[in-house]
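Undergrad: Below, each chain spelled out in residue letters.
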Amino acid sequence: MLLTCVWLLSLVLAIVVVESYVHTLTPEGKKYILPEDRNEILPRLLKGYGAYIAGVLAFWFVRPFSPPKSRAGDRYRFWIALTCTAFFNAAILFVLMGTYFASASQRDLNADADTALGLMKWLSFLVVPVNAFYFGTKSSG
Amino acid sequence: MARAITDRIPGRLPFVGPLLCLITLIVLLLSPAAAQHQKRYTYKEPFSLTEKGIGSNPIEGQLVLNAEDEEPFVSRVLLQTIQGFHMSVADRPANALEPMLPKREYKTDIAPLSEDNLRSYNAANGATLSLDSTLEYGWQYALSYEIHTERDRYFFIEIKPKLYFKGAASSAWREYKRDYSGDFFAALLNDALKSNFKALAREKPAPH
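Chains F and Z are the protein sequences, given in the same order. If you count the first sequence from 1, you need to add 1 to reach my numbering. If you count the second sequence from 1, you need to add 2 to reach my numbering.
FYI, nobody ran anything at the bench for these hints, they're computed from the structure. Treat the hints loosely; a few may be bogus.
[As the list claims (entries may be wrong)] The calculated SDA-like cross-link candidates involving lysine to any residue, where the alpha carbons are at most 25 Å apart (straight line), are:
1. F:LYS31 to Z:SER135
2. F:LYS31 to Z:TYR108
3. Z:LYS179 to F:PHE95
4. F:LYS31 to Z:LYS179
5. Z:LYS200 to Z:TYR108
6. F:LYS31 to Z:GLY140
7. F:LYS31 to Z:TYR178
8. F:LYS31 to Z:ASP118
9. F:LYS31 to Z:PHE87
10. F:LYS31 to Z:LEU131
11. Z:LYS164 to Z:ARG204
12. F:LYS48 to F:PHE95
13. F:LYS31 to Z:ARG121
14. F:LYS31 to F:ASP115
15. F:LYS31 to Z:MET89
16. F:LYS48 to Z:ALA174
No experiment lies behind these values; they were computed from the predicted model shown.
If we strip away everything but chain F, and leave its shape as in the complex, we get (with noise of 0.2 Å):
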């Protein structure tokens, strides 16, 4: 459960983040994009996040793989996957707000947003098999 709300939470918060741009001022006073350009980046993280999500709620109802023979492992296992998953998405969650601390000439949210999704396709290796194992496992009881 707390690795779903982990998933979840980063998904409101990378949505909250690309909002705040629309809202906030520069330092010499300018709007950061325009609702237009909102339009554009969000339905592109939206499917970045969702094809990690969806596995995640889908592994919620259907668990294809058998549980391991050894329950010891257990207790570490939720930790790395959680690790993985939280270093994941703080990752991504860092390159999205590099526009608050870009230089004037430097800013460039489309291009940082590409920069997230290249990110997500790079770093797949951390989250897809910790992740599609401890919510894909059937549970031994």
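Given the coordinates of chain F, assemble chain Z onto it according to the supplied hints.
TA: Okay, now just chain Z, sitting in the frame of chain F:
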């Protein structure tokens, strides 16, 4: 009598509604605010040829050119003027020496509108046409010229200014579709054209 009138009103109402809507729509479409986007502006610069004169004297107080210099001269003026606004013509031939051709529309690239220009614009225009100062603006011109040689000789330049906007972290300009005053941008170009026609006429070697 009163009954006769009220009896007739319901029969007419179905036509009155759509008719009023149509009239309102036409009025809105033809209103000056709606026409702001597509407005065209013109600039006229009279000139005469070196071989023409009044009696044996050359025409004074007017731009004097050789017949074969007309195209290169007006092209030079146009290029110098738009370069003064930090713009360039994107669809020009690669050969820099080739002049811009008459009766062909050239589009400049989009140049950011400076804060000073934005302030001047807002000072010159009322609240309905003012621009939100928390956004960034860019402007572009579509230009074409003709050389009229029938009765009077003059360069006729058509100017179509276009406004774009974006946020500080947006990657691309978007066309500004709300109402704005194209007069301001056309006036900037008109003033620059006027001074460049004068300046380049002085630079030009004196006609023999």
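Undergrad: Against this structure, judge whether each hint is valid.
TA: These are the hints, each one checked on the structure:
1. F:LYS31 to Z:SER135: holds, 7 Å
2. F:LYS31 to Z:TYR108: violated, 31 Å
3. Z:LYS179 to F:PHE95: violated, 34 Å
4. F:LYS31 to Z:LYS179: holds, 19 Å
5. Z:LYS200 to Z:TYR108: holds, 23 Å
6. F:LYS31 to Z:GLY140: Roughly 14 Å between the alpha carbons, so the hint for LYS31 (chain F) and GLY140 (chain Z) holds.
7. F:LYS31 to Z:TYR178: Since the Cα atoms of LYS31 (chain F) and TYR178 (chain Z) sit roughly 16 Å apart, the hinted pair holds (cutoff 25 Å).
8. F:LYS31 to Z:ASP118: holds, 15 Å
9. F:LYS31 to Z:PHE87: Holds, at roughly 22 Å.
10. F:LYS31 to Z:LEU131: Since the Cα atoms of LYS31 (chain F) and LEU131 (chain Z) sit roughly 19 Å apart, the hinted pair holds (cutoff 25 Å).
11. Z:LYS164 to Z:ARG204: violated, 31 Å
12. F:LYS48 to F:PHE95: holds, 18 Å
13. F:LYS31 to Z:ARG121: holds, 14 Å
14. F:LYS31 to F:ASP115: The given pair, whose Cα atoms are some 23 Å apart, holds under the 25 Å limit.
15. F:LYS31 to Z:MET89: holds, 23 Å
16. F:LYS48 to Z:ALA174: holds, 22 Å
Of the numbered hints listed earlier, those contradicted by the structure are 2, 3 and 11.
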